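Residue numbers (full-length UniProt numbering), protein chains in the order written: chain A, 1 to 156; chain B, 1 to 402.
Each hint should be verified, as a subset may be incorrect.
[Said to hold, decoys possible] Label pairs and their calculated CB-CB ranges:
{"id": "1", "chain 1": "A", "residue 1": "Glu84", "chain 2": "B", "residue 2": "Lys203", "range": "33 to 43 angstroms"}
{"id": "2", "chain 1": "A", "residue 1": "Thr93", "chain 2": "B", "residue 2": "Gly194", "range": "54 to 64 angstroms"}
{"id": "3", "chain 1": "B", "residue 1": "Thr187", "chain 2": "A", "residue 2": "Ala59", "range": "23 to 33 angstroms"}
{"id": "4", "chain 1": "B", "residue 1": "Gly348", "chain 2": "A", "residue 2": "Gln150", "range": "42 to 52 angstroms"}
Calculated directly from the structure, the hints in this document are not laboratory data. Because the structure is a prediction, the values reported are computed rather than measured. All C-beta atoms, glycine included, are put in the ideal place defined by N, C-alpha and C.
Below are the chains, spelled out letter by letter.
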Amino acid sequence: MGLAQSAEAAAHVTQTQIQTQTSTQTSTSNNSNSTSLDSVLAEAAAYGNNDDTEESIEAKAQRALECPCIADLRTGPCGFQFSEAFLCFLKSTAEEKGSDCVSPFVALQSCIKANPNAFSKDVLGEDESEKPESTQEYKILPPQWSREPQSPKSRL
Amino acid sequence: MGREEEAETQTSICKDAPNLLSFFVDTFVDFSVSGLFLLPTPPLQNPNPSISRSLPPLPTRLPSPSRLIAVGDLHGDLDKTKQALRLAGLIDASDRYVGGSATVVQVGDVLDRGGDELKILYFLEKLKREAARSGGKIITMNGNHEIMNIEGDFRFVTKTALDEFRVWEQWFSVGNKMKGLCQGLETPTDPFKGVPMSFHGVKREFFDGFRARVAALRPNGPISSRFLSQNVTVLVVGDSLFVHGGLLPQHVDYGLERINEEVRDWINGSSGKFSPQYCRGRNAVVWLRKFSNEVAQNCDCATLEHVLKTVPGAKRMIMGHTIQTAGINGACENRAIRIDVGMSRGCGGGLPEVLEISKNSGLRILTSNPLYQNMGNAGLNVGKEELLIPAHGGLREVEVKA
C-alpha cells in the first residue's frame, strides 16, 4: 500500500503544529459531530453534577471504547492502535481536536500500512469494489503522458 | 455509582459513540491525507429559515472590507501559495492565519499543473476556518480547471497529482471501512459506484489514480462536494467584480446569484456530468480572455465598460486565467485587473504577486519581485499616501502595456 506520503505529512505536522491545549469550547457549530460531542460532554458534566461522582474525561472515554459501535474496530491486527488513537482523540481538548494525538495516529497509520485489510469486513470475504461495475460509461480525457503509445487521438 | 446509574451512563455515552467514531475517522483520514488538523466547521453565516433549501446561498455580493486581497491561479503549487499569502501578511511562518478581518479572494485554478492539489484545498480550508474566527473571510472561486476536472477532463493533470489522489483514496476507503464496522452508523456510500475499472487507451499503471480522481472530483464526489461546492463562480466585493475568465453582458443578464447557485448545484450532483453552458466554450465565465490580453490595447474595453455599468457599484473586473508575464497589471484604464502571474512551478514559476485593495491605501500590488524594492511611485489608484516596502518585496506601479 503506497501510503508513504502520510508519514512525511506526519513529520511535517509535528514540526509545524505546536498545539496548545485549551479548554475553550468553540462556539456552537452546525457540525453534527461537534454538537454530539458537546452533548456528550454536557451530559457527562450533568451526570457528574447530579450524582456527585466525578467521572473524569478519561473514564468516559474508556466507556466509549466499550460501546457496541466500537467493538469490531477493537479486534483484528490494529485493534490496539485504533483504541489508543480513539481514546486520545476523545480526551483531546485542543481546538483542533486530535492535534495532540499525532503519535497514536501515526502508530495507527503504520499498522494499517502493514495490514491493509485490518478493518475490512470479512462477512463475505470480498472487497466491495471488486463487484462488477455498472454498465454506465464514464469517459475521461486523460493527459498525454498517461496514454498508451498507439492510442487513437479521439476522445476515450 | 449504583449499578443502574452505571448502566444509564454507559447507555447515554454509547448513544453518541457512532458520531464520535465518525468524527474520529474523519479527523484521522484528514490528517493522513493532508497532515493537518482542522478547526471545527464554522457556524452557518446568517441561516435563513424561510428558504427551504438545505444549503445557505453562496455569497455573491459583499460589502467593501477594510482590506481585500486577491490571489491569482495557484495550480497545485503549495509553496507558491504560501509565499503569496505570506507576501500579503495573511499567514505567519507557522502557516497560521494572521490576516485579521481581511477578505481574501482566490480566483480559481487550484487544480492541474501541479501535485499539491489536495494539500492546497485542505490548506485553504484550514485557513478559512481560522480566518472566520478573526472576523476574516477567505473566498475561493471556480476556475476553468475546477470545472474541467469535475467533468472528467484530466488533460492537465500531472503524475504527482494523480498519486496524491491515489493516496487520498486509500485512506478515504480505510475510513469508510472503519465507519462500516460501527453498527450505529449508516454504511458510507461507495464513492466508486459507477466509476470504470479501466480507461481505454490509458496505461494500466494509472488506472488506480484515475479511478480515484474520478471518484473524488466528479459531481457529488467527496472532494467536489466538500471543497469545490463552496466555491463561487462570480463575486462582487465592494466595487470589485471577481471572475476567473471574464463576464459578458449575457452573464449579468442571466443573473450572478443564479450562476453561483447553479454551478454549486451541479457540483453537488444535481444536473449530470456537464457544467452549465456558461461554463463551457470560449465565451464562458471561466474561459474568457477578452479582457486579459497581455497587449492591453487588444482588450475589448467597450464590452467591459458595458458589463461594469450593469453591475451596480462595480468599478473594475478582477480576473485570473491568463498568465501575465509582466506580473499583475491593468487594462482599460485599470478597469480590468489581471492577477494571474503564473506563479505555479507548472506554469513557469512566476514571482508571486497579489493585489491589495484597502480603505487606507487604495489599490496596490504586493510583489516579491526585488526589482521593485525601491520604487517611489504611486500605485494603481488615487488616494495613496505612503509606500510601504515589505522586507522581501515591494509595491510597484501598474503597467498599462500599450
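Evaluation of the provided hints:
1. Taking the beta carbon of each, Glu84/A and Lys203/B are about 41 angstroms apart, inside 33 to 43 angstroms as hinted.
2. For the pair Thr93/A and Gly194/B, the beta carbons lie near 42 angstroms from each other, so the given range of 54 to 64 angstroms is not met.
3. A C-beta distance of roughly 31 angstroms is found between Thr187/B and Ala59/A, which places it inside the suggested range of 23 to 33 angstroms.
4. Gly348/B and Gln150/A have their C-beta atoms about 31 angstroms apart, which leaves the hinted 42 to 52 angstroms range violated.
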